[in-house]
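Student: Each chain, written out:
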Amino acid sequence: MHEHSLVRTMLEQIDRVCAANQADSVAEIRLQIGPLSGVEPVLVMSAFELLKHGTRAAKATLVLDQVPLAALCLACGLESEIHDYGFHCVHCGHHHVRVVHGDEFRIESITVDSAALLQPSTA
Amino acid sequence: MEAQVITIRRDVLAEAKASASIQREHFTRCGTLVVNLVSSPGAGKTSLLEATARSMTGRYRLAVLVGDLETDRDAQRLAPLVPVAQLSTGGACHLELPLVQRGLKALGNPELDFLFIENVGNLVCPASHDLAEHVRVVLLSTTEGDDKPGKYPKMFRTSHALVITKLDLLPYVPFSLAAAAEDARRIQPAMEVMSACALDGRGIDRWCEYLVERRQQLLSMEPDRACR
Chain A
2 MHEHSLVRTM LEQIDRVCAA NQADSVAEIR LQIGPLSGVE PVLVMSAFEL LKHGTRAAKA
62 TLVLDQVPLA ALCLACGLES EIHDYGFHCV HCGHHHVRVV HGDEFRIESI TVDSAALLQP
122 STA
Chain B
383 MEAQVITIRR DVLAEAKASA SIQREHFTRC GTLVVNLVSS PGAGKTSLLE ATARSMTGRY
443 RLAVLVGDLE TDRDAQRLAP LVPVAQLSTG GACHLELPLV QRGLKALGNP ELDFLFIENV
503 GNLVCPASHD LAEHVRVVLL STTEGDDKPG KYPKMFRTSH ALVITKLDLL PYVPFSLAAA
563 AEDARRIQPA MEVMSACALD GRGIDRWCEY LVERRQQLLS MEPDRACR
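Residue numbers (this note's numbering), protein chains in the order written: chain A, 2 to 124; chain B, 383 to 610.
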């Protein structure tokens, strides 16, 4: 159950981005989560519901995009989708592969409501 | 109010990973091989470290940082054998780098050949947290079953070596060394697989040899060492 500490870190990062962009509140957070992220989407959701209060993301919708697991073969250079954690190249069968997607727990984007944008100085 | 999309595209752990890289480079310059030991609770991390300390003390400078939710029982066990600092997570399920750095400071930042970090017993959460280690070693005891690697893919994918422990109990449990190794290598084909018994000493020489080899590799990467 390390999702709590990860979601807390995520909310701190989002707060910093908001401050830098003079944004008051966040309407939507888009995350990318891969099967090898070590993060459970359901637990991310429940941690977010608990921890969002008092942050700029208190009213935000959390959208989780699940990314498939893919690896690049270091022998033939082709990419394979990895199923059932069998780490090998589906094209040449080689086992020397590097994960290219699917280990991320990443903030893709946030949608913010920005009062500052309406002020004449930024128009 | 106007809605604006801000693209971030940044891993939540990006900052932690960057700090871990810097800390790892420091360990490399110092010639300290850092080993992160992970397993489920009771797989024998502390027992393996006791046997390791008995075998290597005198030849190498060792220290152990041991992580637990509560108590300093593991540190008390290891203290007669090796310099040790207990890291208490206060309920958290894994160690993070700042705790490791605090532990090192508590030991007086000694010059070391090997630093062992005994993680919290848990095959899930510690997999996501880089402690600036050079080698992640996962322990699997014969009593846990040989089907565990596939159940904890992230931990086995991110580990460099597997030590199958409690070899003395092998005659009494339905555990196949070959099946466990095969399952682990399906997830991590480069996995070094060893087996050991901390109580009767079987496999400890090979394990210590592996550690020394890994340190040699580290030293050859950084021939001009300058710790400070």
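By construction, these hints were calculated from the structure, which means they are not laboratory data.
Model, not experiment: these values are computed from the prediction.
Don't take each hint at face value.
Over the 12 Å line for every Cβ pair with chain A, so calculated as not near, a few chain B residues [what the hints assert, rightly or not]:
1. Ala385
2. Cys412
3. Ala474
4. Gln483
5. Val517
6. Tyr534
7. Leu549
8. Leu581
So the derived label-pair ranges between C-beta atoms look like this [as the list claims (entries may be wrong)]:
9. A:Gly78 x B:Glu397: 38 to 46 Å
10. A:His54 x B:Leu559: 49 to 57 Å
11. B:Leu451 x A:Ala76: 40 to 48 Å
Chain A side only, calculated, beta carbon under 8 Å to chain B, not exhaustive [said to hold, decoys possible]:
12. Tyr86
13. Ile108
14. Thr112
In this text, a Cβ means the ideal position worked out from N, Cα and C, and glycines have one as well.
Student: Now, for every hint given, state plainly whether the structure supports it.
Tutor: Evaluated hints:
The beta carbon of alanine 385 (chain B) is not kept farther than 12 Å from every beta carbon of chain A, the shortest such distance being approximately 6 Å. The non-interface label for cysteine 412 (chain B) is consistent with chain A: the shortest C-beta to C-beta separation is roughly 28 Å, beyond 12 Å. With a least CB separation of 7 Å from chain A, alanine 474 (chain B) falls inside the 12 Å interface cut-off, contrary to its annotation. Every CB of chain A is more than 12 Å from the CB of glutamine 483 (chain B) (nearest about 17 Å), matching its label as outside the interface.
Distance to chain A confirms valine 517 (chain B) as a non-interface residue, since its nearest Cβ pair spans about 19 Å, more than 12 Å. With a cut of 12 Å on Cβ distances, tyrosine 534 (chain B) falls inside the contact zone with chain A, its closest approach being about 10 Å. Interface exclusion of leucine 549 (chain B) from chain A stands, the closest Cβ pair being 26 Å apart, more than 12 Å. For leucine 581 (chain B), the non-interface assignment is confirmed: its Cβ lies about 32 Å from the closest Cβ of chain A, beyond the 12 Å cut-off.
Remark: the range hint 38 to 46 Å for glycine 78 (chain A) to glutamate 397 (chain B) is contradicted by a beta-carbon distance near 32 Å. Restraint check, histidine 54 (chain A) to leucine 559 (chain B): a C-beta distance of roughly 51 Å satisfies the suggested window 49 to 57 Å. Restraint check, leucine 451 (chain B) to alanine 76 (chain A): a C-beta distance of roughly 43 Å satisfies the suggested window 40 to 48 Å. Taking 8 Å as the C-beta cut-off, the interface hint given for tyrosine 86 (chain A) holds, the closest approach to chain B being about 4 Å.
Here the hint on isoleucine 108 (chain A) is kept, as its CB sits about 4 Å from the closest CB of chain B, short of 8 Å. Look at threonine 112 (chain A): its Cβ gets to within about 5 Å of chain B, closer than 8 Å, so that hint holds up.
Violated hints, in rising order: 1, 3, 6 and 9; the structure is consistent with all others.
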